[in-house]
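Participant: Protein sequences appear in the order of chains E and W. Start counting the first sequence at 1; every next residue gets the next number (this note's numbering). Start counting the second sequence at 484; every next residue gets the next number (this note's numbering).
One or more of the hints may lead you astray.
With the Cβ distance kept under 7 Å, some of the chain E side facing chain W (calculated, not the full set) [what the hints assert, rightly or not]:
#, residue
1, Pro41
2, Pro47
3, Asn193
4, Phe280
So the derived list for chain E, only partly shown, Cβ under 8 Å to chain W, looks like this [as the list claims (entries may be wrong)]:
#, residue
5, Gly45
6, Val52
7, Val53
8, Arg80
9, Asn82
10, Phe84
11, Ala89
12, Tyr92
13, Lys250
14, Asp276
15, Arg278
16, Leu285
17, Pro287
For the record, the hints were derived by calculation from the structure and aren't laboratory data. Heads up, the beta-carbon is just placed ideally off N, CA and C, and yes, glycines get one too.
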Amino acid sequence: MSKKYESVIGLETHIELSTNTKMFCGCKLSFGEESNVHTCPVCLGHPGSLPVVNKKAIEYAIKIALAVNCKIREYTIFHRKNYFYPDQAKNYQISQYDLPLGVGGYLDVDMGDYVRRVGITRVHMEEDTGKLLHTGRTGRISESVASIVDFNRGGTPLIEIVTEPDIKSPEEAKEYLIRLRNLILYRGVSNCNMEEGSLRCDANISVKKVGEERIGTKTEIKNLNSFKFLQKGLQYEIERQTNLLESGGKVIQQTRHYDNNTNMTKVLRSKEEAHDYRYFPEPDLVPMHIESKVVDEVRCTIGELPAEKAERFEKEYNLPKYDSSFLSNDKKVARYFEDCCKLYSNAKNISNWIMGDFSALLNKEGIDINDSKIKPANLASMLKIIDGGKINSKIAKSVFEEMFKTGESPQVIIEKMGLEQISDGGLLEDIIEEIIKENPGTVKQYKNGKKKAIGFLIGRVMARTKGKANPKMVNEIMTKKLK
Amino acid sequence: MTAHELHNMLVKKEISCADIAESVLSRINRVESKTNSYIRVEKEKMMEEAAAVDEYIGRGGRIGDFTGIPIAVKDNICTKDIITTCASRILKNYIPIYDATVIKKLKEQRYILTGKANMDEFAMGSSNENSYFGNVSNPWDTERVPGGSSGGPAASAAAGEAVCSIGSDTGGSIRQPASLCGVVGFKPTYGAVSRYGLIAFASSLDQIGPLTRDVEDCAGLLNVICGHDENDSTSINRKNPDFKSFLKDDVRNMRIGVPAELMVKEIDAEVKSTVNAALLKLEELGAKVEEISLPNLKYALSVYYIIAPSEASSNLSRFDGVRYGHRNKEAKTLREMYKKSRSEGFGDEVKRRIMIGTYCLSAGYYDAYYEKAQKVRTLIIDDFRKAFKKYDVLISPTSPTTAFKAGEKLDDPLTMYLSDICTIPVNLAGLPAVSIPVGLSPEGSLPIGLQVIGDILREDNVLKAAYNIERAVGFDKKPNIL
Ligand SMILES: [Zn+2]
Numbered sequence: 001m002s003k004k005y006e007s008v009i010g011l012e013t014h015i016e017l018s019t020n021t022k023m024f025c026g027c028k029l030s031f032g033e034e035s036n037v038h039t040c041p042v043c044l045g046h047p048g049s050l051p052v053v054n055k056k057a058i059e060y061a062i063k064i065a066l067a068v069n070c071k072i073r074e075y076t077i078f079h080r081k082n083y084f085y086p087d088q089a090k091n092y093q094i095s096q097y098d099l100p101l102g103v104g105g106y107l108d109v110d111m112g113d114y115v116r117r118v119g120i121t122r123v124h125m126e127e128d129t130g131k132l133l134h135t136g137r138t139g140r141i142s143e144s145v146a147s148i149v150d151f152n153r154g155g156t157p158l159i160e161i162v163t164e165p166d167i168k169s170p171e172e173a174k175e176y177l178i179r180l181r182n183l184i185l186y187r188g189v190s191n192c193n194m195e196e197g198s199l200r201c202d203a204n205i206s207v208k209k210v211g212e213e214r215i216g217t218k219t220e221i222k223n224l225n226s227f228k229f230l231q232k233g234l235q236y237e238i239e240r241q242t243n244l245l246e247s248g249g250k251v252i253q254q255t256r257h258y259d260n261n262t263n264m265t266k267v268l269r270s271k272e273e274a275h276d277y278r279y280f281p282e283p284d285l286v287p288m289h290i291e292s293k294v295v296d297e298v299r300c301t302i303g304e305l306p307a308e309k310a311e312r313f314e315k316e317y318n319l320p321k322y323d324s325s326f327l328s329n330d331k332k333v334a335r336y337f338e339d340c341c342k343l344y345s346n347a348k349n350i351s352n353w354i355m356g357d358f359s360a361l362l363n364k365e366g367i368d369i370n371d372s373k374i375k376p377a378n379l380a381s382m383l384k385i386i387d388g389g390k391i392n393s394k395i396a397k398s399v400f401e402e403m404f405k406t407g408e409s410p411q412v413i414i415e416k417m418g419l420e421q422i423s424d425g426g427l428l429e430d431i432i433e434e435i436i437k438e439n440p441g442t443v444k445q446y447k448n449g450k451k452k453a454i455g456f457l458i459g460r461v462m463a464r465t466k467g468k469a470n471p472k473m474v475n476e477i478m479t480k481k482l483k
Numbered sequence: 484m485t486a487h488e489l490h491n492m493l494v495k496k497e498i499s500c501a502d503i504a505e506s507v508l509s510r511i512n513r514v515e516s517k518t519n520s521y522i523r524v525e526k527e528k529m530m531e532e533a534a535a536v537d538e539y540i541g542r543g544g545r546i547g548d549f550t551g552i553p554i555a556v557k558d559n560i561c562t563k564d565i566i567t568t569c570a571s572r573i574l575k576n577y578i579p580i581y582d583a584t585v586i587k588k589l590k591e592q593r594y595i596l597t598g599k600a601n602m603d604e605f606a607m608g609s610s611n612e613n614s615y616f617g618n619v620s621n622p623w624d625t626e627r628v629p630g631g632s633s634g635g636p637a638a639s640a641a642a643g644e645a646v647c648s649i650g651s652d653t654g655g656s657i658r659q660p661a662s663l664c665g666v667v668g669f670k671p672t673y674g675a676v677s678r679y680g681l682i683a684f685a686s687s688l689d690q691i692g693p694l695t696r697d698v699e700d701c702a703g704l705l706n707v708i709c710g711h712d713e714n715d716s717t718s719i720n721r722k723n724p725d726f727k728s729f730l731k732d733d734v735r736n737m738r739i740g741v742p743a744e745l746m747v748k749e750i751d752a753e754v755k756s757t758v759n760a761a762l763l764k765l766e767e768l769g770a771k772v773e774e775i776s777l778p779n780l781k782y783a784l785s786v787y788y789i790i791a792p793s794e795a796s797s798n799l800s801r802f803d804g805v806r807y808g809h810r811n812k813e814a815k816t817l818r819e820m821y822k823k824s825r826s827e828g829f830g831d832e833v834k835r836r837i838m839i840g841t842y843c844l845s846a847g848y849y850d851a852y853y854e855k856a857q858k859v860r861t862l863i864i865d866d867f868r869k870a871f872k873k874y875d876v877l878i879s880p881t882s883p884t885t886a887f888k889a890g891e892k893l894d895d896p897l898t899m900y901l902s903d904i905c906t907i908p909v910n911l912a913g914l915p916a917v918s919i920p921v922g923l924s925p926e927g928s929l930p931i932g933l934q935v936i937g938d939i940l941r942e943d944n945v946l947k948a949a950y951n952i953e954r955a956v957g958f959d960k961k962p963n964i965l
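Hey, can you work out the whole structure from these sequences and the hints?
Facilitator: Structure follows, in structure tokens:
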């Protein structure tokens with residue numbers, strides 16, 4: 001991007017809630033099941049059917065609104081958004097308009113060397129549409145002979161989070177979305193699976209000359225449904241708009257579609273073709289009065305945010321910033337860490353193991369820390385055994401791997417595999433003498449002043465003892481013998 | 484005969500359900516070709532069900548107030564497995580996959596469904612001349628309209644083609660045809676009866692209610708159909724009173740207001756004088772009658788014809804030929820399918836209201852129309868609230884005229900819309916109201932209805948006033964068709 005221009009970006013993120021049932025009827029939420037199994041007169045838009053608000057969805061929506069620091073409106077209502085499309089059973093979507101659930105929030109996005117505060121304009125509730133399937137080999141609408149609709153998804157509770165145009169770069173946009181996703185995962189109200197479409201993102205973007213007050217004409221980019229696509233799509237669009245302006249052209253207000261195959265954006269519709277949604281208050285639903293008492297209750301159930309938790313870890317466990325934020329990023333890891341801390345006092349040791357070997361093994365197996373066979377109690381006792389000098393840290397690695405595989409306690413593994421450290425001075429002395437005899441050349445080198453040669457000799461001792469020798473003692477005895 | 488009379492005979496075993504069903508069927512066979520009250524008569528089913536109920540009673544089954552009573556149901560109320568058309572081509576073959584809540588409640592009573600009653604398409608009309616299945620005729624004079632939109636329910640109850648019927652009322656659709664056909668028609672408080680399964684016209688105004696031959700049956704049916712329903716968010720959560728307990732012989736000191744705005748020049752002189760005569764009788768019984776003014780009522784018609792079509796334009800958008808209902812098979816594109824299916828499926832009046840409503844909700848017009856109308860609606864509600872601080876009920880004519888000739892107002896929608904001038908304000912405020920017959924016009928020997936309006940959830944006052952008027956007036960005339 002030319003240095004002369006800067007970009008102004010706002011994001012609209014849709015998140016499917018993971019409630020048991022749909023927004024306005026009792027049908028189960030599902031994914032990947034046979035078409036139209038989870039439907040009823042309400043979500044099929046049959047004549048005479050009426051919506052009833054899912055209370056759990058409201059609770060989840062409040063959780064999300066609080067996560068992005070929104071105020072919860074005491075009086076909030078649903079509107080109808082009217083437009084014809086076959087994936088919509090009623091040809092209107094029940095959504096929120098000028099009285100959304102949450103307003104006036106923000107999200108701080110850590111960019112490493114600075115923090116970008118992104119204003120949150122609104123958090124509102126609505127229902128998802130069904131899915132259109134186009135018959136034919138390619139699945140493209142232009143080549144199909146018929147289209148069919150699957151209403152299993154129709155009526156799924158959806159939350160829309162709209163930011164202020166505070167985002168200045170594709171990188172910031174990406175970081176914002178990562179942060180938002182983590183926050184919501186943390187609250188356990190959505191699985192935020194971008195491939196399954198439970199988290200979807202659109203962007204509004206314009207560019208302007210650096211220092212200019214007036215914001216340029218914006219375009220809306222649809223289908224930015226992964227962190228990578230979000231960043232790439234925005235990069236492409238910034239370039240496109242900048243080139244247009246540079247060559248004396250004008251940006252036209254339009255909605256564009258990001259194609260991740262070509263990495264380009266294409267016109268979907270212009271402003272003139274924009275829908276008039278004829279919003280009006282949904283007469284089938286009564287206004288909702290959300291008392292502050294209810295909001296407080298929800299606030300109590302959600303506990304700390306990752307940022308708050310990281311701060312606490314730093315203070316309470318005396319951990320470096322990096323460790324604290326690593327451990328608090330995933331709620332389950334944080335809980336695991338704290339469970340260990342209850343049984344073993346050196347928090348930094350616990351942190352090192354979790355961030356190091358443990359994470360590596362979990363990643364390799366692709367499982368959650370909760371699903372690991374190593375329970376906090378076993379990790380804690382292994383650390384105590386190391387401290388007590390019964391095994392060294394090198395041996396501990398194999399003990400840990402065995403614990404990961406079998407779930408057995410470290411004591412059992414050490415005994416079974418005979419891994420206990422050799423700290424018997426007499427035994428060690430015998431072995432060291434053997435090694436000295438077998439390696440006269442190296443001993444000579446050492447005595448001639450090549451002090452490093454002792455490392456080779458110690459290594460031989462360790463090899464002979466299969467790593468079980470107490471390294472500190474071997475070092476002491478060896479040095480004495482070589483004098 | 485009324486349902487409560489038949490009920491007593493059933494209890495005393497003087498009659499069987501099959502006898503009742505048979506006599507209603509024979510009446511249908513005799514007059515249906517003249518009235519066209521029904522879109523669909525359930526002849527066989529009726530006799531089967533009557534036999535089944537007789538068997539149930541024989542086994543010692545409980546006989547509820549409407550057990551074995553043949554009742555007509557307006558064709559905009561969903562009946563599972565029975566075609567429900569809304570009198571529209573677009574739903575000509577639509578078979579609901581569920582029962583409306585009122586139908587469930589009636590089934591618990593073991594009622595007998597006579598059939599699905601004719602109506603104005605999607606309940607839009609005041610003369611029942613907007614049905615895809617043909618006009619309904621007034622049993623008092625088949626040249627004349629029965630009123631609308633519940634023309635079928637009113638005519639069938641008046642002509643004995645059903646003992647009573649279930650209709651819906653958005654701006655007077657129960658009360659105006661009840662008035663024109665000489666039966667009792669009750670619109671309960673908005674939210675008193677579940678709308679689940681009522682095919683919506685205007686969601687914030689629609690309400691289901693009974694059409695009966697006397698006030699007692701009316702109270703009895705309210706006992707059956709009222710009540711909270713968790714499937715309807717707008718339904719009121721209260722314990723049902725026994726509506727029959729309000730039928731008491733006492734109106735002494737009842738405070739009655741007569742809104743000047745509902746006694747205006749558009750009301751025929753013979754209607755006014757008949758209503759005034761009934762009011763005099765109430766005064767004689769000890770009620771206190773006073774004229775009052777509710778100044779904002781004069782805007783009611785304009786407000787209604789913005790709000791109702793606006794909601795309708797959205798409610799009716801689901802009829803697109805995609806999932807059910809009429810679909811044009813030749814259409815090549817999605818747009819064309821929508822356009823042709825809807826153009827062919829909807830009648831003129833429905834199209835007119837969809838267009839008005841779409842316009843009123845459009846960007847740039849919303850504030851001037853829909854939002855303004857909602858504000859004035861609040862003023863109307865306030866007028867009523869003030870009035871009910873001073874009065875127990877308000878009384879007015881139900882319809883400005885008696886039944887008019889078919890075709891008379893068809894080409895003049897604005898005059899037609901005036902038919903509901905007295906009933907519309909009640910829906911805007913969500914109040915309970917009843918129309919009861921109080922006399923025949925001296926000229927045409929056509930029934931004239933009187934409307935009693937109560938405060939929110941004050942069905943007790945409405946029923947009490949209606950019951951006393953009914954007894955004081957002693958209306959006992961029968962339509963000519965019989
Ligand atoms: Zn459903």
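Participant: Would you check whether proline 287 (chain E) satisfies its interface hint, that is, whether its CB is within less than 8 Å of any CB in chain W?
Facilitator: violated, 10 Å
Participant: At a threshold of 8 Å, is the proposed contact between alanine 89 (chain E) and chain W supported by beta-carbon distances?
Facilitator: OK, holds: alanine 89 (chain E) within 8 Å of chain W, min 7 Å.
Participant: Can valine 52 (chain E) be said to touch chain W, with a Cβ gap under 8 Å?
Facilitator: Holds: closest Cβ of chain W sits about 5 Å from valine 52 (chain E), inside 8 Å.
Participant: Lysine 250 (chain E) was flagged as interface toward chain W. Is the shortest Cβ-Cβ separation under 8 Å?
Facilitator: For lysine 250 (chain E), the interface hint is violated, since the closest Cβ of chain W sits about 24 Å away, which is over 8 Å.
Participant: Let's test the interface hint: is any C-beta of chain W closer than 7 Å to that of asparagine 193 (chain E)?
Facilitator: violated, 28 Å
Participant: With a cut-off of 8 Å, does the beta carbon of arginine 80 (chain E) approach a beta carbon of chain W closely enough for the hint to hold?
Facilitator: holds, 5 Å
Participant: With chain W as the partner, please determine if arginine 278 (chain E) meets the hint condition of a C-beta pair closer than 8 Å.
Facilitator: holds, 4 Å
Participant: Quick one, is the phenylalanine 280 (chain E) hint okay against chain W at 7 Å, beta carbons?
Facilitator: holds, 5 Å
Participant: Quick check on glycine 45 (chain E) please, does its C-beta sit within 8 Å of some C-beta on chain W?
Facilitator: holds, 5 Å
Participant: Do the numbers back the hint for tyrosine 92 (chain E), that is, is its least Cβ distance to chain W under 8 Å?
Facilitator: Given a least distance of 5 Å, the restraint on tyrosine 92 (chain E) holds.
Participant: Double-check phenylalanine 84 (chain E) for me: the hint is only fine if its C-beta lies closer than 8 Å to a C-beta in chain W.
Facilitator: holds, 6 Å
Participant: Under 8 Å, Cβ to Cβ, is where aspartate 276 (chain E) needs to be relative to chain W, so tell me if that hint holds or is violated.
Facilitator: This interface hint holds because 5 Å falls under the 8 Å limit.
Consistency note: the structure conflicts with the earlier hints numbered 3, 13 and 17.
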